[in-house]
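Colleague: Sequence:
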Amino acid sequence: MSINFEKEVEYIENLNNDAEFFEMEFEKIKNSYPMIDSNEIHDFLKNKPGIIVALNEIRPLLDDYVPYAKFHLILDDDPLFVPQLLLMVNAPKDKFGNGFKGNIRKINSSIRQFLLEFDLIAEFFIFEGSIRDNH
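Going by the working numbering, the first residue of the sequence shown is number 19, and it counts up by one from there.
Hints listed in this document are in silico derivations from the structure and should not be mistaken for laboratory results. Incorrect hints may have been included.
[Unchecked claim] Simulated crosslink set (DSSO-like; lysine-lysine; CA at most 27 Å straight-line):
| hint | residue 1 | residue 2 |
| --- | --- | --- |
| 1 | K124 | K46 |
| 2 | K111 | K88 |
| 3 | K88 | K64 |
| 4 | K66 | K25 |
| 5 | K119 | K48 |
| 6 | K88 | K48 |
| 7 | K88 | K119 |
| 8 | K124 | K88 |
| 9 | K124 | K48 |
| 10 | K64 | K25 |
| 11 | K113 | K124 |
| 12 | K124 | K66 |
| 13 | K111 | K124 |
| 14 | K66 | K46 |
[What the hints assert, rightly or not] Each pair of labels, with its calculated beta carbon distance range:
| hint | residue 1 | residue 2 | range |
| --- | --- | --- | --- |
| 15 | N35 | N116 | 38 to 48 Å |
| 16 | P52 | V27 | 39 to 49 Å |
| 17 | K64 | G115 | 32 to 42 Å |
| 18 | G115 | A37 | 40 to 50 Å |
| 19 | G115 | D36 | 15 to 25 Å |
Built from N, CA and C at the ideal position, the CB exists for glycine as well.
Using the sequences provided together with the hints, build the complete structure.
Modeller: Okay, here's the thing in C-alpha cells:
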C-alpha cells in the first residue's frame, strides 16, 4: 500500500474544516481500534488529524501481517515529552519471535514517509509486545 499524498492533503483539510466529517471519521477509527480513553484520543486527533490517515492505512495491514495480534490505542501525554498516540500491538509469546517484529517494521515502513512529510513522526508510534497465551 502506498499513501497518495495529494489525496490525503485534501482529506486532512476536510478533517480540519468540517467538524461533522471529523466526527464521522473518528467514529470509524473508534470502531476499528479499541481505545483507552477515547475522549483524550479524540481531542489529540482533532489537533493532529493526519494521524487518522496513518490509522486508516495500517488497519488492513494489521489484519494481513499480524491477524493473531491484539491491539489498542492509548495516548501517552507525559508532560516531559511530546504527547504521542501509541498503537500497542501485542502478540502471543509463541508468535512474538516468529516474524512478528519484522511484520511490525513493514507496517511502520508503510507510513513512515507520510509521518515524516506531515511532521507527525514524533506524535505516533507503534509499540510491539508479547502477551501470554490464555491456556
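Colleague: Against each hint, give a clear statement of whether it holds in the structure.
Modeller: Now for the hints, and whether the structure bears them out:
About 24 Å separates the Cα atoms of K124 and K46, which keeps this hinted pair within 27 Å; it holds. With a CA separation close to 12 Å, the supplied pair K111 and K88 stays within the 27 Å bound. For a cut-off of 27 Å, the pair hint linking K88 to K64 stands: about 25 Å separates their Cα positions. At most 27 Å may separate the alpha-carbon atoms for a hinted pair to count; K66 and K25 meet this at roughly 17 Å.
Proposed proximity of K119 and K48 is supported: the alpha carbons are some 25 Å apart, at most 27 Å. Between K88 and K48 the alpha-carbon distance is near 15 Å, which keeps this suggested pair within the 27 Å criterion. With a CA separation close to 14 Å, the supplied pair K88 and K119 stays within the 27 Å bound. Note on K124 and K88: the hinted pairing holds, with a Cα-Cα distance of about 17 Å set against a maximum of 27 Å.
With a CA separation close to 23 Å, the supplied pair K124 and K48 stays within the 27 Å bound. This hinted pair checks out: K64 and K25 have alpha carbons roughly 19 Å apart, not beyond 27 Å. Under the criterion of a C-alpha separation no larger than 27 Å, the hint pairing K113 with K124 is consistent with the structure, at around 16 Å. Between K124 and K66 the alpha-carbon distance is near 23 Å, which keeps this suggested pair within the 27 Å criterion.
For the proposed pair K111 and K124, the alpha carbon gap of about 20 Å is at most 27 Å, so the pair holds. Taken as a hint, the K66 and K46 pair is honoured in the structure, with Cα atoms around 16 Å apart against an allowance of 27 Å. Take N35 and N116: their Cβ atoms lie about 45 Å apart, and the range 38 to 48 Å holds. Distance hint check for P52 and V27: the Cβ-Cβ separation is about 29 Å, which falls outside the suggested range of 39 to 49 Å.
Between K64 and G115 the beta carbons are some 38 Å apart, a value that agrees with the proposed interval 32 to 42 Å. Taken as a hint, the range 40 to 50 Å holds for the pair G115 and A37, whose Cβ atoms sit roughly 45 Å apart. At roughly 45 Å, the beta-carbon separation of G115 and D36 lies outside the given 15 to 25 Å, and the hint is violated.
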